[in-house]
Amino acid sequence: MSKFDLHVNGQRHTVDLDPETPLVWVLRENLDLRGTKFGCGISECGSCTIMMDGQAIRSCVTTVAEAAEKKIVTVEGLADGEKLHPLQEAWEEEQVPQCGYCQPGQLMTAAALLEQKPRPTEAEIVAEMSDVLCRCGTYGRIRKAVDVAARKGGKR
Amino acid sequence: MKAIQNLSRRGFLKTSAGVAGALVLGFRLGDKAAMAASGGADLFNPNAWLEITPANKVTIHVPWTELGQGVTTAVPMLLADELAADWEAIDIKLAWNDPRFGNMGTGGSRSVRTSWDPVRQAGATARVMLENAAATEWKVDASSCKASGGSVVHAASGRSATFGELVGAAATQDAPADVALKTRAERTLIGKDLPRRDIRAKILGETEFGVDQRIEDMVYATLAVSPTFGGSLKSFDDTTALAVPGVLQVVETPSGVAVLATGTWAAIRGREALQINWDPGPHTDLDSAAISARLAAADIADGQAMRDDGDIDTALAEAATQVTASYEVPYISHSPLEPMNCTARITGDQVEVWAPIQSVTWGANVAAQAAGVEPQNVRLQPTYTGGGFGRRLMVDYVGQCVEIAKVSGKPVQLFWTREDSTKHGFYRPTSRHNMHAGLDTEGRITGWRHHLVAPSIGGQLNPQGMADGRDESAVNGAATIDYTFANLQVVYNMTNTAVPAGWLRSVYNTQNALANECFLDEIAQAAGQDPVALRLRHLPADGRLARTLRVAAKKWGWPAKAPAGRGYGVACHASFASYVTTMAEVEVEGRQVRVVRILTCVDCGPVVHPDGLRAQMEGAVCLALSALLREEITIAGGQVVESNFDDYPLLRLDEMPPVEVLTIDGEDPIGGIGEPGYPPVGPAVLNALFDATGQRVRKLPLAGNFEG
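Protein chains in written order, with my numbering: chain P, -3 to 152; chain V, 370 to 1077.
Simulated from the structure, these hints should not be mistaken for lab results.
Just so we're clear, the structure is a prediction, and the values are computed from it rather than from any experiment.
Glycine is no exception: its CB is placed at the ideal position from the N, C-alpha and C atoms.
Incorrect hints may have been included.
[To be verified] Among the chain P residues that face chain V by a calculated CB cut under 7 angstroms, a handful are:
hint	residue
1	Asp14
2	Glu88
3	Pro93
4	Met125
[Stated by the list, open to error] Below are the EDC-like pairs computed for lysine to aspartate or glutamate, each with C-alpha atoms no more than 16 angstroms apart in a straight line:
hint	chain 1	residue 1	chain 2	residue 2
5	P	Lys140	P	Glu85
6	P	Lys(-1)	P	Asp14
7	P	Lys(-1)	P	Asp12
8	V	Lys551	V	Asp486
9	P	Lys140	V	Glu1029
10	V	Lys924	V	Glu1029
11	P	Lys(-1)	P	Glu65
12	P	Lys140	V	Asp1023
13	P	Lys140	V	Glu1024
[Stated by the list, open to error] Chain V regions said to be covered by chain P (calculated; three or more residues, Cβ under 8 angstroms):
hint	stretch
14	571 to 582
15	752 to 766
With the hints as constraints, model all of the structure from the sequences given.
Dropping the structure here:
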């Protein structure tokens, strides 16, 4: 067991854990940030995607040791208080989610994309968002919603 | 209490859909104790669906689980429209296994269509009681009091009262016997593209799925079960497992060996450290090749004639042209994104369960059995569910969790990893379809034989109940086709295996429609006819399926010649009381098949929530296309080979075509919408692939079977 400082959604937490513990479980069970979802554990599905220092990363294959001291944003930190992130607004406008289980990962992947490329091309949206699985078939709406958010100046 | 006497006299207002998991709307008898228990004598709770408090809080309890299909929007719309409630102010809750709802199960595309009459009736009845209450209070004629937007208004005097203010008076009103439902033109919510009620929480990450349940003193568990079908536990050593930091306890349960820990990760690590000696059981020789060979070897003489119109043998013998073809589909997995999980607590003889689930009542019964209590001692609260597609109709994980809670004596959350979820599913059965048709000299189909060879889901679950080899459900979409062939035979060889089989979105329609509709395309080719024209020639001209075909063809501009490297295909199929035609455009480069466009036309009668319908069609395309392109569960050594999304890859965003949805919105009998979109997708794409390449692919998936 070792102590780690985690900076999540603007708050600091100290946890005492096995350094190998995947971040997804730390977020969900130690910090009670249950919006981040486990889907596969091998970085294939993207349900657990969060932002770490502005990059989309998979919290199921990122250890707590690797995440220490980094700036982490989860779906709970996407909105600015009561004000939705432009992506969340677009998600609502396009009525994207069905079951919703993969959507935190979809939103965080899109958020990281817009951090790096505020006006992505269609090909860039497709390439980036193809990393995250959705079994319900919301792909067409995700594609459109990312574009809508980008056009409105999607970076927070 | 007047209302109670009245209800007793008339009995229950009770509507049953006449199918498994039927919706039963029971008016609550409303004894004082129950009223008090549910929040005081003033609570207006005229039926299981609806609750209005004096503080004007209107709650609708939905007995169907939210799997993403939008049922927590569409079903409340039915009630709120007739109630004339304030839509924005309504609170929507997922009902627990409340016996007033009868057998609760979400499947068969039943939720909205079986709610259509009774739920509108429930809303309308409550509205009239509120209007009558206002009339009594104001001493005016009831017909002059009208409910609208959550209040009752008396226009002449300008008086108005919220539903909440009328609760006390409404509870003493007679429930009216016959209430007229709104006409189409009078509806204010039904048919409107209202925003879904569950979206805000889902984009904030606030929705509580099964895995998000947290109860006091809860521990986290994983369960080791036999990797082979029919295997059993011989012995285990938990020394190393117990040494894993966070592991609290290891217990043997009737289902396997459970590891309980302070967190999910520790429970996973602890399970990895278990030393288990399994008896592999009797099926270690079972593999995919053996199953496929068995399907191919099935003798039609051993099958059951599930439908036999006219004289098929003579029709085929006398046909001017005969066409034959065989199709085969593999086992496939539901693979919803939320892995199987369940949370349970046993307190004395009371059991509480929280689960992402489709079969609520069945789950409660299984929980009762596992705990050794009566079903009425179980309270099962369905959670929001991260996809179902039929997998969560099976409730194995509920029983397993309650067993662990019982043996360990702890409140527990059982978590299946992705590997568990892939390897221990109930798979859409594999099947083989031997098709044989005869045509007369004018190219009319005079004889049609569909010989289905497949495991039976019902027969495997209940071998005694289907000992005669007749599974009507297996020939859904084969024996129930809309085509009018004078000589029509459907023969079924029940070919059960040790591989667990379950219901996947549209069930046997997934494969029966594929065989029908690909075979019709082959017949059209053999007879030199247009595929749409051939279908229309054999469908009742005034029928609903033919109408969807005509509407889709017109929108598509059919017949049309696809550009080089591309192809167009069509398929139509009726299932779950809805009628669907799908057209597909594919682009082929070598082995690479890209579906570039889907058009679908749906007739489900009245459309309750148009955008919800579109979403269901998009979902059906996604699931069907994923299966068609590459999904396959293979068996070796009596167990499932695939384990995660690396070896069981699902459709990704870059492969999803745009889906255009047309509807025939009318007042024909209402049909389901969750499943009917699936069956025509696969055959439309395969027919388009033929149009593009001249090649027939008769074995799925395309990966490994389409050479380009």
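Checklist line | In rising order, the numbers of the hints this structure does not comply with | finding: none
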